[in-house]
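Student: Below, each chain spelled out in residue letters.
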Amino acid sequence: MKQSGSSAGTERRKAKVRSSPKGRITEPRALEEIRALLGNSPRRRDLLIEFLHLIQDKFGHLAARHLVALAAELRLSTAEIYEVATFYHHFDVVKENDAAPPALTVRVCESLSCELAGAHALIERLRATLGDQVRVIPAPCVGRCETAPVAVVGRNPVCGASTEAVAAAVHAASTECPEAKYIDFAAYRRKGGYQLIADCLAGRRTREELTKIMEDSALRGLGGAGFPVGRKWRSVAAEAEPRVMAVNIDEGEPGTFKDRWYLERDPHRFLEGMLVAAWASGVGEIYIYLRDEYAGCRALLARELARLQRAKPCALPPIHLRRGAGAYICGEESAMIESIEGKRGMPRLRPPFVAQRGLFGYPTLEQNMESVYWVREIVEKGAAWFTSHGRHGRRGLRSFSVSGRVRKPGVHLAPAGITVRELIDEYCGGMLPGHVFYAYLPGGASGGILPASMGDLPLDFDTLNAHGCFIGSAAVIVLSDRDKASTAARSMVKFFSEESCGQCTPCRVGTIKALGLMGAVKWNQPLLRELSQAMADASICGLGQAAPNPLLSVIKFFPQEIG
Amino acid sequence: MTAMSKAAALPVEFKLNGKSVVGRPDETILQTAKHHGIEIPHLCYKEGMRPDGNCRACVVEVKGERALSPACWRRPQQGMEVTTDSPRAVGSQKMVLELLLADMPQAPHALNSELDQWAHKLNIGLPRFEARKQPAPDVSHPAIAVNLDACIQCTRCVRACREEQVNDVIGYAFRGGESKIVFDFDDDMGASSCVACGECVQACPTGALSHKVPAQIGARAGAPAEIAGQLTADRTVDSVCPYCGVGCQLTYHIKKERIIFVQGRDGPANHGRLCVKGRYGFDYVNHRQRLTKPLIRKAGVPKHKDFSVDPDNWRDAFREASWEEALDFAAKGLRDIRDRHGNKALAGFGSAKGTNEEAYLFQKLVRTGFGSNNVDHCTRLCHASSVAALMEGVNSGAVSNQVGDVVNAEVVFMIGANPTVNHPVAATWIKNAVKKGTKLIVADPRRTELARYATHVLQFNADTDVALLNALMFTIVEEGLVNEAFIADRTSGYEALRENVKKFSPEVMAPICGIPAATIREVARLYATSKGSMILWGMGISQHVHGTDNARCLIALALMTGQIGRPGCGLHPLRGQNNVQGASDSGLVPMFYPDYQRVNNPEAKLRFEKLWGRELDPHPGLTVVEIMHAAQKREIRGMYIMGENPAMSDPDLEHAREAIAALDHLVVQDIFLTETAYLADVVLPATAWPEKVGTVTNTDRMVQLGRKALDAPGEAREDFWLIQDIARRLGLDWNYSHPRDVFNEMRLCMDSIAGITWERLERESSVTYPCEKEGDPGEPVVFKTHFPTATGRGKFVPADLISADERPDDEYPMVLITGRQLEHWHTGAITRRASVLDDLEPEPVASLHPLELARLRVRPGEVLTVQSRRGAISLYARADEGTPAGAIFVPFCFYEAAANKLTNPKLDPVGKIPEFKYCAVRVTRGGEVPRQTSFGGGQASRAAAQA
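If you read the protein sequences in the order shown, they are chains A and B.
The numbering of the first sequence is the numbering used here, which starts it at 64 and goes up by one.
The numbering of the second sequence is the numbering used here, which starts it at 7 and goes up by one.
Source of the hints: derived by calculation from the structure; they are not laboratory data.
Cβ coordinates follow ideal geometry from the N, Cα and C atoms, glycine included.
You may find that some hints are simply not true.
Said to hold, decoys possible - One side of the interface only, derived from the structure: several residues of chain B facing chain A at Cβ under 8 angstroms:
hint: 1; residue: L74
hint: 2; residue: W79
hint: 3; residue: L105
hint: 4; residue: L107
hint: 5; residue: I176
hint: 6; residue: G183
hint: 7; residue: D192
hint: 8; residue: R458
hint: 9; residue: Y882
Unchecked claim - Below, computed lysine-lysine pairings styled on PhoX-like, alpha-carbon distance capped at 20 angstroms:
hint: 10; chain 1: A; residue 1: K406; chain 2: B; residue 2: K441
hint: 11; chain 1: B; residue 1: K186; chain 2: A; residue 2: K557
hint: 12; chain 1: B; residue 1: K338; chain 2: B; residue 2: K441
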């Protein structure tokens with residue numbers, strides 16, 4: 064025996080004995096806790112995000128031990144759980160030696176409208192005031208741009224937030240979203256609610272008839288892409304059963320808050336429209352995907368869905384309310400489907416389109432919340448009623464979410480084709496005192512930026528394409544002479560770089576490199592143009608394809624700002 | 007569906023860069039373009055892998071579409087107009103490459119990476135963008151360096167880990183610019199659940215994941231490990247893996263006459279996949295303890311059962327000798343015993359790690375040179391009972407269906423096998439099948455890794471296999487799920503079986519086997535009624551005193567339901583060693599000549615007497631454990647052991663070693679001074695697997711060619727020559743100049759491989775038998791129309807409950823289950839000298855359920871002592887929820903805590919296999935820390951660094 068070898072061996076052995084199989088082991092106690100939390104829920108993968116919410120809500124974060132136990136319970140790999148948990152902003156994964164976040168988080172919206180209203184200064188002040196016991200973090204658009212700046216204390220959105228108001232909410236521990244007044248089930252029923260769907264189910268209306276009405280109304284998808292609603296119903300109905308419906312209320316486009324606006328006021332109008340759409344397309348099961356930022360809406364919708372299901376004014380398909388977890392990309396239709404399936408919100412490659420193979424592989428009718436919200440009224444009043452509205456040669460109505468430097472921000476239902484000047488003057492009470500109209504974003508972060516000199520263009524689908532812009536979800540952000548388009552563009556590109564899912568190179572790397580180039584006093588315009596072209600051409604989904612729009616607008620319309 | 011697939015099969019005509027081309031609808035634009043000589047850059051796509059379309063380097067223009075489309079993913083459609091080289095398409099392709107290049111490290115981790123190659127082809131200059139903030143390297147893993155500064159996030163590693171190997175370690179976490187490749191919870195790779203199959207490294211296009219090169223090949227000792235991607239191999243050699251029976255084909259990459267890394271090759275059993283042993287377990291060939299000169303035992307150094315080998319101190323017992331002296335001495339000793347004590351006083355153990363040609367020669371040597379059938383090998387210790395039951399039932403000792411056939415099965419019933427550890431690449435096919443919808447039933451007293459993928463997990467009480475299996479058969483009979491037509495047309499003896507299983511209702515068996523009756527019934531229905539149910543089993547079935555009965559039940563299950571004779575069903579005993587199938591086929595067993603021709607069958611005897619020109623012994627010889635008993639009784643006095651280590655692998659080592667020590671003359675031929683070699687009178691230094699040529703036969707009946715990659719060290723010589731050297735000295739006139747000559751002789755007496763030519767093996771590397779005539783394709787599925795029995799029928803053999811030989815009692819209250827570990831092979835002689843494997847599992851461990859540990863008041867990682875009626879060992883405790891309460895699992899590869907000191911040598915009466923899977927032990931807290939000598943405990947990598 065070699066003496067030296069033996070003594071070194073003893074030392075080394077102590078360090079190298081692995082006391083359990085490779086990787087983490089499931090702690091019996093953590094497993095018990097997870098089992099108790101999950102109760103009788105089926106241990107399905109598609110419920111993963113729901114389960115992560117349960118854990119985050121209960122413990123304030125996702126501890127590694129709980130994730131390991133959840134993996135065991137769902138028979139998933141820990142890596143899969145981890146990649147999902149870390150994809151979404153609203154989950155805090157805490158590994159063994161990491162500190163857990165403070166019990167209370169204040170999310171301050173830093174999207175353009177809130178930024179214009181002083182969000183960054185507010186963040187600084189709140190951090191100084193609230194101390195270590197409260198986590199203050201910037202957040203992407205929380206969908207309350209009409210009351211900018213907004214700080215969400217726990218789940219309680221403090222509108223027109225001041226340091227004092229936020230501190231008061233923190234100290235009073237008011238962390239839940241206050242309830243708004245709205246038309247509840249009983250009130251909706253009293254005014255003839257659910258008659259239309261009852262008529263449909265009873266055979267008093269035909270699918271063809273309703274689909275035709277929607278086609279004649281020329282209503283287009285109001286989530287941003289503008290696909291004709293009637294045509295979508297028809298194409299999904301033509302696919303093989305089973306078919307499913309996925310309702311998109313992941314309203315994350317900065318500046319957009321119309322879905323929340325309607326949901327907070329008349330939820331059953333949306334639900335009935337949804338049921339009619341499902342019926343017309345031959346859908347057997349409905350999933351509603353609601354962004355996590357809309358905690359108030361979630362409570363409201365859960366309550367009203369329960370009332371609807373209890374009262375059962377007509378036969379109802381299974382309806383599942385699913386909760387987002389803080390990811391702009393999940394507003395993209397296929398990313399949303401992935402998220403409903405319990406995965407990261409990574410857009411799928413197309414074809415096949417979701418109408419052919421979508422949620423769980425089934426043909427899927429995916430509709431924006433507002434698109435179905437209008438169904439009942441259009442059917443009752445007729446397609447002609449809807450098309451009787453419009454300006455400058457456009458037809459129909461649009462719900463503009465207006466924010467920024469105007470007197471009366473909010474959702475304004477206006478004729479399609481209205482110009483931004485008309486919108487500001489007729490609906491928004493003009494510009495804020497002391498502000499001169501300088502520029503506007505016609506369609507949130509992705510729709511580009513136009514100068515005031517182009518304020519007389521009709522706002523509608525397809526009308527701005529020639530200028531490299533679009534209205535998308537009709538989120539209009541108005542800038543004044545105190546603002547800069549290039550600053551707004553940087554804010555938007557930063558937003559995209561943070562919200563990119565990370566899947567494809569042009570978007571994941573492109574947004575970051577673009578942001579880097581935009582930091583220069585004098586932009587490298589040829590390189591930015593070249594990069595933008597590749598991003599628009601080669602990105603998988605609309606996020607990356609539209610991400611260069613703001614910077615291209617600046618190059619095109621605001622050259623004076625960038626040297 | 008049929009209409010669709012028919013339509014899908016029609017060729018598609020479309021325009022590619024202006025020219026009309028015809029493509030297949032099941033291939034992508036990229037593939038069609040390649041066939042037409044058009045190159046499209048691509049990084050996230052790798053042939054054979056699911057396209058993901060994420061890197062976008064391959065985007066092309068499709069006429070009429072707004073955005074570009076990834077060619078790796080998009081399939082052509084009739085009339086489509088595709089342009090791959092338009093300024094717009096090329097602009098995006100180049101921009102993608104430039105964006106990725108911008109974030110590459112200054113010093114590359116791989117020479118000429120795929121990214122560099124494409125960048126060169128597309129003339130990308132210096133990137134015009136600023137680089138990202140680079141992540142720190144992760145060198146925590148002994149085999150793999152992680153340098154995410156070269157990561158392009160193509161997720162090929164994720165797909166390799168999750169979709170191909172299904173090891174589920176790698177993920178793609180976070181999002182946007184923060185997105186990164188992670189191991190488990192973004193852990194260091196070395197601390198993660200990584201099993202080091204290396205598939206991710208093989209998949210990585212940039213060197214972000216790379217093989218570490220064993221330190222001795224790197225120029226500077228003590229410097230950070232070199233990584234394989236930075237070296238250029240001098241040459242490559244295609245071969246096959248030397249470890250388990252799966253038979254993965256691989257390519258050795260060699261620089262300066264050392265293997266620097268191993269790549270998986272597209273063989274029929276592995277399709278490019280490898281496991282940690284095949285991928286990283288190769289540097290044992292360079293270990294300083296390789297035997298390089300013949301050794302002769304020093305006069306006056308006694309042999310004794312109590313010893314501890316320190317191979318560094320070989321001089322304590324041996325002296326070096328010339329080959330002439332050693333061979334003469336070896337042969338003379340054998341000859342003298344034969345002449346003085348008769349033919350039966352000699353015996354030989356061949357090896358399942360050698361080639362078919364070596365196995366054939368070895369048994370021929372024993373049969374014609376020693377003059378008896380006293381020849382056996384470690385098959386006796388692994389699947390002898392399975393083979394016995396199979397020979398009895400269907401007269402064929404090999405599998406009916408290949409592992410890969412699981413993908414065609416609706417149900418896979420896996421019992422007493424832990425393939426993620428023992429047949430890792432086979433396990434990947436099972437996991438792939440499950441992902442495609444195959445239902446997996448896992449029956450095992452231990453809850454193993456595959457349980458996660460199973461629809462039913464039957465964690466039955468150890469030793470109750472027959473109870474469980476008979477209860478399954480009871481249900482099938484009672485519920486009318488038998489296949490009457492199959493039974494009538496193709497089997498015999500069903501009546502007796504039916505009568506026998508009547509005693510075994512699930513309700514009566516449930517308390518015995520610990521599985522609820524309802525579950526047993528459900529599983530029985532699932533198995534019996536599926537379109538195809540395949541049974542795979544391992545040593546959990548075979549290593550019992552009722553091992554043959556266990557296997558009989560499995561055969562009966564398949565016969566009564568007709569789940570055999572088609573693709574996607576059948577019987578598959580997962581064979582352990584790389585050539586245990588071939589060694590048995592080649593006659594390295596005491597009761598059969600090559601090709602399972604019985605030695606007591608006069609016709610067979612005559613056939614071989616004619617071929618070999620010698621009179622042969624008509625009586626079956628002794629089996630492994632019987633030979634040990636005979637040696638102890640001094641009926642056997644001399645042995646020739648080639649490449650086996652019974653002083654570690656046999657049960658009840660105290661007695662086995664005593665028996666070996668009692669031999670008058672022992673010749674051991676090996677590559678290291680094993681425990682067995684330590685008891686030898688003469689040790690012949692032989693060749694390691696990469697140092698020789700020959701064929702091996704895997705569990706799937708594939709005969710595969712191993713090619714020589716390296717020269718043997720020192721004076722070590724090829725086994726093929728050594729056997730001949732001994733043979734000649736025993737008076738045999740042998741003159742084989744190449745293993746090819748041996749193989750050709752084997753074809754003359756082995757109908758099953760008569761059609762396989764050496765030239766075909768050189769060309770194709772792998773041919774499946776039966777292949778009786780030259781040019782036959784080989785039969786992956788056998789028993790399609792009949793069984794190779796005299797009547798053509800398969801035979802039912804009923805089985806009753808027999809208890810383990812040694813049940814727990816008050817004195818020895820726990821059950822010991824022995825087995826293997828992923829990283830270590832058999833007795834550890836090789837793998838504990840392979841630096842990566844030794845680093846990954848350096849210490850002897852025993853697995854117990856955490857609650858059992860708590861009961862014993864032993865903390866995980868502490869030392870405990872296991873004692874049986876035969877011996878005691880001390881080793882470290884490992885908490886493992888998969889081990890059932892009341893049991894302890896110990897791998898038998900650790901010499902410093904040799905599990906076989908504890909095991910029970912009691913044999914299955916038919917298969918003569920010892921009961922390795924069950925004996926009674928007492929476990930206590932504490933004990934002496936296991937002491938290692940000059941290998942194990944992580945010394946291999948240190949030794950390599952110093953060399």
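Student: Next step is simple, just say for each hint if it's right about the structure.
Tutor: Status of the hints after comparison with the structure:
1. L74: 5 angstroms, holds
2. W79: 6 angstroms, holds
3. L105: 4 angstroms, holds
4. L107: 10 angstroms, violated
5. I176: 6 angstroms, holds
6. G183: 5 angstroms, holds
7. D192: 7 angstroms, holds
8. R458: Holds. Min distance 5 angstroms.
9. Y882: 5 angstroms, holds
10. A:K406 <-> B:K441: 17 angstroms, holds
11. B:K186 <-> A:K557: Within the cut-off at roughly 19 angstroms; holds.
12. B:K338 <-> B:K441: 60 angstroms, violated
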